[in-house]
Amino acid sequence: MQKQGHRHPPYVGIYFILLVLTAASILVSFVVHREAAPPFVFTLSTVKAALIALFYMHLKYEGRYVIALALIPLIVFAVVLFALMPDIIPYQKM
Amino acid sequence: MSSSETRVEEIEHKEYYESFSVPFQRFGFWVFLSGEIIILGGLVAAAILFRLSYPNWFESSTYTNVIISSINTFVLLTGSLTAVLAHKNAVDGKWDKVQLFLGLTALAGLTFISIKFIEYSREIHHGFVPSKDVFWMFYYGITGIHGAHVLAGTFIILGVMLFLKKKKLVEAVENAGLYWHFVDIVWLYIFPLFYLT
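Protein chains in written order, with the numbering used here: chain D, 1 to 94; chain X, 95 to 291.
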C-alpha cells in the first residue's frame with residue numbers, strides 16, 4: 001500500500017529542465033545544419049527521456065523486475081537498430 | 095537545499111518505494127508498456143534507419159512546421175507534469191487536487207490532438223500526402239499511431255477521473271500517468287525525427 005507524507009522528487013524543477021532541453025534541441029537544429037543535427041538532438045531527447053523515466057515514471061526508485069521490464073524492450077530495440085543498419089544504409093546509397 | 099539534505103530525501107524516497115513489493119497492477123501495467131515499447135520503438139527505429147539512409151529526408155522535413163510541433167511538445171510535457179502532480183497528490187491523499195490535475199492532463203491531450211489535426215490539414219492542403227515520398231509515409235504513419243495513443247491516454251485519464259468518484263485508488267492514477275509519460279517519451283523522439291533533422 002502507498003504511504004502518506006513521504007517526500008517527492010522536484011517535479012516542477014524537472015519540468016523546467018525538460019523545457020530548457022527542448023529549447024536547446026530547437027536551437028541546435030537551427031544553428032547546426034539539419035543534416036548534421038541528429039547526434040545532438042537525439043542525445044538531448046535521450047536525456048529528456050531518461051529524466052521522465054527516472055523521476056516521473058519513478059524508475060529510479062523501482063525494484064529490479066520493473067526495471068527489467070523497461071530495459072529489455074530497449075535492448076531489443078537497440079539490437080534491431082544496429083543489426084539492420086549495415087543492410088539498409090549501403091542498399092539505399094547504391 | 096544542501097547536498098546532504100538532497101541525499102537524505104533521495105534515500106527516504108528510495109526506502110519508501112522499496113518498503114513494499116511491486117503492486118500487481120503496476121507490474122502488470124509495466125508488462126503492457128513493454129509491449130508498447132517494442133511496437134512504437136520498432137516503428138521509430140525503422141524511421142531512424144531511413145533518416146540515416148534516405149537522402150531527401152532532411153529536405154522533406156523542412157516542410158513540417160517547427161512552431162506548431164514545438165507548441166505540441168510543450169503541451170505534452172505540461173501534461174506529464176500535471177499527470178505526475180496528480181499521482182503526488184493521490185499519494186498524499188489530496189483527492190480534490192488529483193481530479194484537477196487529471197483534468198488538466200486530459201485537456202493537454204485534447205489540445206495536442208486538436209493542434210495535430212490543424213497541422214495535418216495544412217500539410218494535406220499543400221500537397222504533402224502520405225503517397226508523396228518515404229518521409230511523408232513515415233510521418234503520417236508514426237505521428238498518426240502516436241496521436242491515437244495520445245487519444246487513448248486521454249480517454250484513460252478521463253476514465254480514471256470517473257472511476258475515482260467511486261473508489262480512491264492510487265494505482266489507477268499512477269498507471270494512467272505511466273501511460274501518459276510513455277506517450278510523451280515517444281514524442282521526444284518523433285519531434286526531432288520529423289521536425290528538427
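Among these hints, one or two may not hold up.
[Said to hold, decoys possible] Simulated restraints, written as ranges between beta carbons of each label pair:
{"#": "1", "chain 1": "X", "residue 1": "G253", "chain 2": "D", "residue 2": "R34", "range": "38 to 44 angstroms"}
{"#": "2", "chain 1": "D", "residue 1": "L71", "chain 2": "X", "residue 2": "G253", "range": "39 to 45 angstroms"}
{"#": "3", "chain 1": "D", "residue 1": "V12", "chain 2": "X", "residue 2": "L201", "range": "32 to 38 angstroms"}
{"#": "4", "chain 1": "X", "residue 1": "E153", "chain 2": "D", "residue 2": "V12", "range": "24 to 30 angstroms"}
{"#": "5", "chain 1": "X", "residue 1": "K191", "chain 2": "D", "residue 2": "A36", "range": "43 to 49 angstroms"}
If you are wondering where the hints come from, they were derived from the structure by calculation, not from laboratory data.
Predicted, not measured: the structure shown is a model, and the values here were computed from it.
Positions of the beta carbon are idealized from the N, C-alpha and C atoms, including for glycine.
Each hint tested on the structure:
{"no.": "1", "hint": "X:G253 with D:R34: 38 to 44 angstroms", "verdict": "holds, 41 angstroms"}
{"no.": "2", "hint": "D:L71 with X:G253: 39 to 45 angstroms", "verdict": "violated, 29 angstroms"}
{"no.": "3", "hint": "D:V12 with X:L201: 32 to 38 angstroms", "verdict": "violated, 18 angstroms"}
{"no.": "4", "hint": "X:E153 with D:V12: 24 to 30 angstroms", "verdict": "violated, 39 angstroms"}
{"no.": "5", "hint": "X:K191 with D:A36: 43 to 49 angstroms", "verdict": "holds, 45 angstroms"}
When each numbered hint is compared with the structure, violations occur for hints 2, 3, 4.
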